[in-house]
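With the hints as your guide, set chain B onto chain A.
Going down the list, the sequences are from chains A and B.
Its first residue numbered 17, the first sequence is counted upward by one per residue in the numbering used here.
Its first residue numbered 19, the second sequence is counted upward by one per residue in the numbering used here.
To be clear, the hints were calculated from the coordinates, so they are not data collected in a lab.
Backbone N, C-alpha and C fix where the C-beta goes; we use that ideal spot for every residue, glycine too.
Keep in mind that a hint or two might mislead.
Within a straight-line C-alpha distance of at most 30 Å, the following computed DSS-like cross-link-like pairs (lysine-lysine) qualify [as the list claims (entries may be wrong)]: (1) B:169 to A:58; (2) B:239 to B:88; (3) B:88 to B:278; (4) B:260 to B:118; (5) B:278 to B:233; (6) A:72 to B:88; (7) B:118 to A:56; (8) A:58 to B:233; (9) A:56 to B:185; (10) A:72 to B:169; (11) B:88 to B:247; (12) B:110 to A:56; (13) B:118 to A:85.
Per the computed footprint, the stretches of chain B lying under chain A, defined by three or more beta-carbons under 8 Å from a beta-carbon of chain A, are [as the list claims (entries may be wrong)]: (14) 97-104; (15) 116-128.
Example chain A residues on the side facing chain B (calculated, C-beta under 7 Å, incomplete) [as the list claims (entries may be wrong)]: (16) 20; (17) 25; (18) 61.
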Amino acid sequence: MFHRNPGLIDTVDGVARRVGRTTIAVISDVRELLQLGVLKQKRIGNSEVVFLDRSKDRELLESVANHLKTVRIGGEK
Amino acid sequence: MTASRSKTGASGFDQLFPGKPEEGRVKTGIVELDEMLKGGFMPGDAVMLAGSAGTGKTTLALQYLVNGVKLGEPGIYVTFEELPDQIYRDAKNFGWDLRKMEEQDKFRVICTSPSLMLESGSDSLLDDVLRDIQPRRLVVDSLSHLEMFVKKDDMRMEAYRVIRYLKTRGVSSVLLWESPQISGGSFSVTDVGLSFLVDCIVALKPVEIESSMRKALVILKMRGSDHDKRLREFEITSNGIKIESAFTNYEGIISGSPRKVASEKFMEMFRGASEKQKKA
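Looking at chain B on its own, in the form it has when it is part of the complex:
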């Protein structure tokens, strides 16, 4: 495993991970996120990446797969909406040449209908591609689309089937979920009880602080592992997702009403008073 990693690793990539990597973790390749996850996702886990539109779910999911390829772990991106052509184009803006990875049989973008993904005959839609490229990672963009094809009561059972299909094949999956509920006062990830089916939940959320829109990332759940519980700010840069420091001076971010913590307010008042004194 280590040998193939060094063989396939891009120049400079190994520098991001000096020393011995944490055994048995599936690294996202985003250093700060891996630190938050105490080394990466647990192997074979189903991870839900939830957030409202424009929060960076697709970018983060693609970055996870691209970094996987660099670590010698082939990946598959399943999309129900966008055509592969558009995914290639968007990825290229971040410097990720998905077509080249496909030519090397290390990556596949699969575009299909959710109803076909749910077909449960002897042949599954993904059987051939799983056999061809032997992926270690797979992204479904998005699980929310399945809702259009199944009754709300059946959604949990169908999602469970998709998750089990991937788990039994040893694939670590990231399932995207469009979650408008993460903004505002009432906080829930899904309204169909999927949070219990997945092993890990990473939530992305836009937050308004002092009249500017910023983005926050938080790990809400991680079965069988400790993780960073803080809300971290992140940006979408020309190289992908970049995670910044925690929102330590604010509270109420998840509920949608961020305000400065009392100690910070006191410090501001104190600074203001001492400045006034100096001027006087």
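This is chain A alone, in the form it adopts within the complex:
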């Protein structure tokens, strides 16, 4: 969701609504992404919003790509 929509800045409620799910259903995924550092949190007025850390997202994608490359080379050997 966030990788495909990197400019999404919303509350957890808002994110859940946009994916057609309830807050309870998405909260654990959001927490996990916050712990990984892929998502960041910020206070806007009275609301807490979440959004993608673009550089962290890029970094993670690169490390996954590198890992897959290593696995593939290892398999070929």
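Structure of chain B alone, referenced to chain A:
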């Protein structure tokens, strides 16, 4: 400024603007529209782009931002409804690669809730992105969505706050407004008095002429500048908005009852009579 324009301009784009550009104008990059605006929008102005659903507001707004990037002016598209993924896809159909522009830090699609846009604490929603990409242009799609979160009486004050926020940061904004009232006999752009807050109003309107639906564009207001007052026909092509000639042979288009002007009717009757004579 001129140097960065030529550096970032896409191939062939400069050919659209031969010679020295009008100083101090924010070009839309749509040649005919810039001509209508006597060079472009005034810098830092708040422009309302009003029209009913399907008239091409989003396409015109995106084209304005994409052309801005080509001219070396970064832009932000704020949407309250559609997810960025859908905006990227729709833009790609016109040949605009927004993701690539984002990678180059020249463009951002921000998708958020109108209520967050209205939060007025020490941190504004747009502070970070304004700092990151230093935009010259920003589109809000749409101001009409704010209506769902504020009382009708407060709408004007909240819109004023959004406009002032952008103006004080030197950003030229285009604010989309869904305006079903532009069709039919009673013509008004908004019913909450926003027309007075903005500096320029561009209205898009579907018109039925001789049993076919066509689209018209008109500049209703432009503070501090002369502008073309004629209604111009436009089309949404595979390359974006293309503005055609003026509806010179019709009157009553804005009121929703287009009819041929008297001289045109006379010419038609005259042509008909002379054809009959020839046949006889």
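We went through each hint and held it up to the structure:
1. B:169 to A:58: Given that 30 Å is the threshold and the Cα spacing comes to 27 Å, the pair holds.
2. B:239 to B:88: holds (27 Å)
3. B:88 to B:278: Given that 30 Å is the threshold and the Cα spacing comes to 41 Å, the pair is violated.
4. B:260 to B:118: Holds. Residue 260 of chain B to residue 118 of chain B sits at ~24 Å (cutoff 30 Å).
5. B:278 to B:233: holds (17 Å)
6. A:72 to B:88: Holds - the C-alpha atoms of residue 88 of chain B and residue 72 of chain A are around 28 Å apart, at most 30 Å.
7. B:118 to A:56: holds (23 Å)
8. A:58 to B:233: violated (43 Å)
9. A:56 to B:185: holds (28 Å)
10. A:72 to B:169: Status violated; Cα separation ~40 Å.
11. B:88 to B:247: Given pair residue 88 of chain B, residue 247 of chain B holds - Cα atoms ~28 Å apart, limit 30 Å.
12. B:110 to A:56: holds (29 Å)
13. B:118 to A:85: holds (24 Å)
14. 97-104: holds (count 3)
15. 116-128: n = 4 at 8 Å, threshold three: holds.
16. 20: holds (5 Å)
17. 25: holds (5 Å)
18. 61: holds (3 Å)
Checked against the numbered hints above, the structure breaks hints 3, 8 and 10 and satisfies the rest.
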